[in-house]
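Protein chains in written order, with the numbering used here: chain Z, 8 to 351; chain D, -10 to 334; chain W, 184 to 685.
The hints are simulated quantities; they were obtained by calculation from the structure and are not laboratory data.
One or more of the hints may lead you astray.
[Claimed, not checked] Below, a list of computed lysine to aspartate or glutamate pairs in the DMTMM-like style, where the Cα atoms sit at most 25 Å apart:
1. D:LYS142 x Z:ASP313
2. W:LYS519 x D:GLU242
3. W:LYS231 x Z:ASP266
4. W:LYS201 x D:GLU329
5. W:LYS562 x D:GLU329
6. Z:LYS287 x W:GLU417
7. D:LYS318 x Z:ASP166
8. Z:LYS287 x W:GLU358
9. Z:LYS341 x W:GLU358
10. W:LYS340 x Z:ASP313
11. D:LYS142 x Z:ASP266
12. D:LYS116 x W:GLU288
13. Z:LYS287 x W:GLU288
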Amino acid sequence: MSTHRASSRRFRLARLPNSIFAFLLVFMVASLWVPRFFTPGNLSSLLLQSSIMIILSVAMALVIIAGGIDLSMGSVLSMCGVIMALCMRNGLHALVAIGIGLAIGALFGLLNGLIVTRLRVPPFIATFGSMGIAQSLANTLSGRRTIYWESGSHSSLVDLLKGDVVHIQLGPESSMVFYIPFLVVLTAVVVGGVIFLFRRTVLGAYVHAIGENEEVARLSGIATRSWTTLLYVISGALAGFAGLLMLIRTNSMQPTSGDWLEFVAVVAAVLGGNALEGGKGSLVGAIFGALTLYMVRNALALKGIDTSVTMVVIGAVLVIGMFLNALATRHEKKLSARAETENA
Amino acid sequence: MTQSPLVLKRAIKAVTDFSSLFILLAVLAFFTAITAAAGDQYLTLSRISVILNQACFLTVIGIAQALALLTGGINLSIGSVMALTTVLWGRMLVGNAPDAVHYIIPVLLVVGTGMLIGLVNGLLITKLGMPPFIATFATMYACRGLAWLALGKKVIYNLNGDFRYLGTGVVARLDGFSLTVPMFVVLILLVATSFMLRRTNFGRQVYFTGTNAIAARFSGIRTDRVLIWVYVLSTGLAAFAGLLYGARLNSFEPGMAVMAPFDAITVALIGGIAMSGGYGSIWGILCGSIIVSIIYNGMNTLSIASELQTLVMGVLIIFAVAFNQFLIKRNMELRNELDERTASR
Amino acid sequence: MGKLLEFRNISKTFPGVKALDDVSLDLNPGEVHVVVGENGAGKSTMMKIISGVYAPDRGELLLDDIPLGRNTPKIAEQHGIAMIYQELSIVPELSVMENIFLGHEIRRGILIDRKAMDKRAEELLASIGVKVSPGTLVKNLSIANQQMIEIAKALSKNARVIVFDEPTSSLTDAEIKELFRIITALRGKGVGMFYISHRLEEIFEIGDRITIMRDGRKIATAPIAEMDMGKVVEGIAGRRIENVFQRHFPAKGEILLELKDLCGERFQHVNLNVRAGEIIGLAGLVGSGRSEVVRAAFGIDPYSAGEVLVRGKKMPRNNPQRLAHEGVAFLPEDRKREGLALSLSIRENAVISALRRLNPLTIVDGRRERATVRDFVRKLGISSPTIEKLVHFLSGGTQQKVVLAKWLITEASIFIFDEPTRGIDVGSKSSIYSLMDELVGLGAGIVMISSELPEVLGMSDRIYVMAQGRIAGEIDREEADHVSVIQLAFSQTSASQGRSLQ
Chain Z
8 MSTHRASSRR FRLARLPNSI FAFLLVFMVA SLWVPRFFTP GNLSSLLLQS SIMIILSVAM
68 ALVIIAGGID LSMGSVLSMC GVIMALCMRN GLHALVAIGI GLAIGALFGL LNGLIVTRLR
128 VPPFIATFGS MGIAQSLANT LSGRRTIYWE SGSHSSLVDL LKGDVVHIQL GPESSMVFYI
188 PFLVVLTAVV VGGVIFLFRR TVLGAYVHAI GENEEVARLS GIATRSWTTL LYVISGALAG
248 FAGLLMLIRT NSMQPTSGDW LEFVAVVAAV LGGNALEGGK GSLVGAIFGA LTLYMVRNAL
308 ALKGIDTSVT MVVIGAVLVI GMFLNALATR HEKKLSARAE TENA
Chain D
-10 MTQSPLVLKR AIKAVTDFSS LFILLAVLAF FTAITAAAGD QYLTLSRISV ILNQACFLTV
50 IGIAQALALL TGGINLSIGS VMALTTVLWG RMLVGNAPDA VHYIIPVLLV VGTGMLIGLV
110 NGLLITKLGM PPFIATFATM YACRGLAWLA LGKKVIYNLN GDFRYLGTGV VARLDGFSLT
170 VPMFVVLILL VATSFMLRRT NFGRQVYFTG TNAIAARFSG IRTDRVLIWV YVLSTGLAAF
230 AGLLYGARLN SFEPGMAVMA PFDAITVALI GGIAMSGGYG SIWGILCGSI IVSIIYNGMN
290 TLSIASELQT LVMGVLIIFA VAFNQFLIKR NMELRNELDE RTASR
Chain W
184 MGKLLEFRNI SKTFPGVKAL DDVSLDLNPG EVHVVVGENG AGKSTMMKII SGVYAPDRGE
244 LLLDDIPLGR NTPKIAEQHG IAMIYQELSI VPELSVMENI FLGHEIRRGI LIDRKAMDKR
304 AEELLASIGV KVSPGTLVKN LSIANQQMIE IAKALSKNAR VIVFDEPTSS LTDAEIKELF
364 RIITALRGKG VGMFYISHRL EEIFEIGDRI TIMRDGRKIA TAPIAEMDMG KVVEGIAGRR
424 IENVFQRHFP AKGEILLELK DLCGERFQHV NLNVRAGEII GLAGLVGSGR SEVVRAAFGI
484 DPYSAGEVLV RGKKMPRNNP QRLAHEGVAF LPEDRKREGL ALSLSIRENA VISALRRLNP
544 LTIVDGRRER ATVRDFVRKL GISSPTIEKL VHFLSGGTQQ KVVLAKWLIT EASIFIFDEP
604 TRGIDVGSKS SIYSLMDELV GLGAGIVMIS SELPEVLGMS DRIYVMAQGR IAGEIDREEA
664 DHVSVIQLAF SQTSASQGRS LQ
């Protein structure tokens, strides 16, 4: 029995997402090379900067593990943000506005899910099409302008959420301020909730099964179509939630603020070890993927390096990260093969 | 089981063979009807010429994307490659500088650089085993960054007149219809690609690899080499599209054609190329680009806000693909049934 | 005690094949009912009707003497019918426990009750004596243990009827013993089991009753005690043994293909050769490394040491194109996945390997291409109205002929057939046999991997038998019989030195 426990512990170690290696590598390089990187202030702002992408990439990972993809996420973010902002401009209470925005995000996800499962349009194309639809709605509703609202009692919730939960002055410089914004707490709660559902309800097992082999899942008695649809609903709602975060952070809403974010989310998820063919992956990995990408951006910006160089570096990080993932996977396979021969 | 008459089946099959042509006619009919209701004539010679001219650029990037899609891949680097390659060599195409080299040299350099980036794409996909989506996303990012790095916030403008002829030249005018140089260029490109895909060994291998890459390997096809060449050609074509684009606008700039890879996907999908690979015809791309061009043009004449155009495109993509999928399945069944019947007689 | 399950006069037709023809069969509680027959005899179709994947055209299925009516996988499961497929239906990235309870988790509200599932899984695994912790990821288990997980999954649904579809095909001897112990335990609990197998030895060990199928018909059902190996073999093969395998024996020529000390992940020190004019049988149990050896030799998979020689020339690794160029042809077992592009036509498939030969200037000569393909379609007796027919719509036998045509057009002279007649109807089988005979008559050399003993014995000039990744022995046609091949196939590591029976 003791050999058992030993081997299962080794597997649990191997269960840590492979993307952690790329993350640690970038983290160490940045800490050593960029003087102002490893300061409380910067780490706090890094969390703030990456919170939206963490939400999106977790949602993306969920869909990708099930063998799908959701390219409409960024546009849905914009659309929901615009709708919430418009609601508030027209004097609706922030809570109502948020409710409407999230509901519309979920509804849009439902539309995606139905197109994928009922019309049998491949997820890439279905959500590519709906990306255009959501983008168009965001632009049309906003008249292509940034939307502001008058601050008032109805929007006090947003003002509150803009603040920090924790704010500690550790030193005289601004870089020595450690703070945790409400936004980061909100992100942690929502992402934690999704991971909780993924692990503690049937969701995680079903998502893996559907992505691995839909036929096997169906034969096991899983209503694959309904579950797939539900996944798109979740990702739509989470995109809407990301829209809320964007709105709070900028205290306004631009109809183009979500453009391209879906692609970054796919990249973060894949960098986090989620295979595009489905069946394999991890939500935590996606978080590390998103953090890695934003860390690169943050570190280069601190170093005062031009954004054009940053783009090139991110391309390179992507290639290196994928390479590291592949190496880690190969190593993991070797480990499990060895464990098996030991057991035998 | 009652069997419907053979003639009818043949007719249905003919329709399903040309599904994107069908969509084209439907779109055309729609705009004709709307304009007619407003008491106008839609299909005028000058409008056709404008539409076709617009479709030229879309066709080139559509072909570039279709090559990748046919192997079951995707090429997201199209727009960035257009920017990087033209920005790198664009200065050689400026104005009438006395020491200017013949414009063919920068043109070759641009396309050559594009092919080199395509080689990188191909190597990332085959040798490092990266999914095409991620590999070409990485090059998309890197190339866009390099383009900005190369030129900064400047623009290369006032291009060589001889070179601009490539993108704007008019060969002949009939009433309102202008026969332009890009039309000829694109026609040649279409014929050449179609020939390459249908009538050469390489083209056969592309389709076979796209349909079943494993079986291709078991059949002795060097699938890695096929894929690398596909990305070299696709990315090289993208660079060429950048030249056409710049010639028309009379400028090159690092931020150009950001949406090109997605416009290209739209054109290819509406043109009946299957994303799963191995299915679709190059001539469908022509249909696809004309459809997209008609919609843009039509919506402009109806003065519908441009932001609504992406909505129409989104809906169209979803329904075109659902429709095409249905037709492909029907087409295969019908083809089989007709084969059986002709044999039994 | 009543019947647990009954098959009454069931027929099922697929396009071009009568898969089941008026078959009746029953299963008692606590019984192991063995079903044997060649591939394509109708066993799998029968089992898929039981599990609700297919609906019968005629006849009915009774459970506890009550007609079942409409059957779907879901309904079958609710009635306690479980399948254990040859191709495992597990999700590798999930844990043992998650796989066992996939689709019927123990819940508390909307949350899954991990503790209860852990406990129940532990009990289930203990009841069948499997020492695996429920938290282990299934991808980290051996194939044998993965199969045990499937059995545990069936038990977790309180299965009363379990269908085993060739469960031992990838298990080692020790693992098979373990499986049999579990089956015996299930028998004691009153579970009725269908047991499909190709391994005739084991059915006498585990079976209570046996049913022999052939060409979609039931040949016999009898208690196992009243049968012996000879009767079973005769029943499975029918009288066709003598007349199906028509062989002529041309003079043997030079060595065409030779593997020297080839070592890889799943095979060690493999030596074998094929001469012009002979058919080499490569026998052995599934999992003994047969397919892996030829795949590596053809360049599909890597090998770690050794050489592959074609006509004395050393071949590079990982380069199928080179081997194809040197006249080696590979006809894979899984034709749909590895041999054909299903949505392309016969013509497009047939010419794919010979493009360079047909069109040296790379431009396709359509007329020549069509003429060539038509020629081979006629020669091989491919039954299709046109060469433009999509391969998707062809029967298994005809598809195999298209793969063969693909290589004949390359003018290959060395053919590797991996299970050439798997899933092919009897008529096409014999025509493929005679084609193989014709090929060696023309000076080709053939390596044939096969799990069907009659085929190996009937077609081969020489037989190499593999066991546990090594060549356990080489037998000449005259000396080969059922017993000698089986003995070698089951031989343990003592055979690793390359013991020969000669």
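Each hint tested on the structure:
Restraint check for D:LYS142 and Z:ASP313: the C-alpha separation of about 12 Å stays at or below 25 Å, so the hint holds. A threshold of 25 Å between alpha carbons decides the hint, and for W:LYS519 with D:GLU242 the separation of about 49 Å lies outside it, so the pair is violated. Taking the CA atoms of W:LYS231 and Z:ASP266, the gap is near 49 Å; set against the 25 Å cutoff, the hint is violated. Restraint check for W:LYS201 and D:GLU329: the C-alpha separation of about 20 Å stays at or below 25 Å, so the hint holds.
The hinted pair formed by W:LYS562 and D:GLU329 meets the criterion: a straight-line CA distance of about 20 Å does not exceed 25 Å. In summary, the hint linking Z:LYS287 to W:GLU417 is not supported, as the alpha carbons are separated by about 48 Å, beyond the 25 Å threshold. For a cut-off of 25 Å, the pair hint linking D:LYS318 to Z:ASP166 is broken: about 55 Å separates their Cα positions. Proposed proximity of Z:LYS287 and W:GLU358 is contradicted: the alpha carbons are some 29 Å apart, above 25 Å.
A threshold of 25 Å between alpha carbons decides the hint, and for Z:LYS341 with W:GLU358 the separation of about 23 Å falls inside it, so the pair holds. Taking the CA atoms of W:LYS340 and Z:ASP313, the gap is about 61 Å. The hint is violated against a cut of 25 Å. The suggested pairing of D:LYS142 with Z:ASP266 holds, with an alpha-carbon distance near 21 Å, which does not exceed 25 Å. Proximity of D:LYS116 to W:GLU288 is assessed by CA-CA distance (about 42 Å); at most 25 Å being required, the pair is judged violated.
With a C-alpha separation of about 21 Å, the suggested pair Z:LYS287 and W:GLU288 falls inside the 25 Å cut-off, and the hint holds.
Violation of the numbered hints given earlier is confined to hints 2, 3, 6, 7, 8, 10, 12; the remaining hints are satisfied by the structure.
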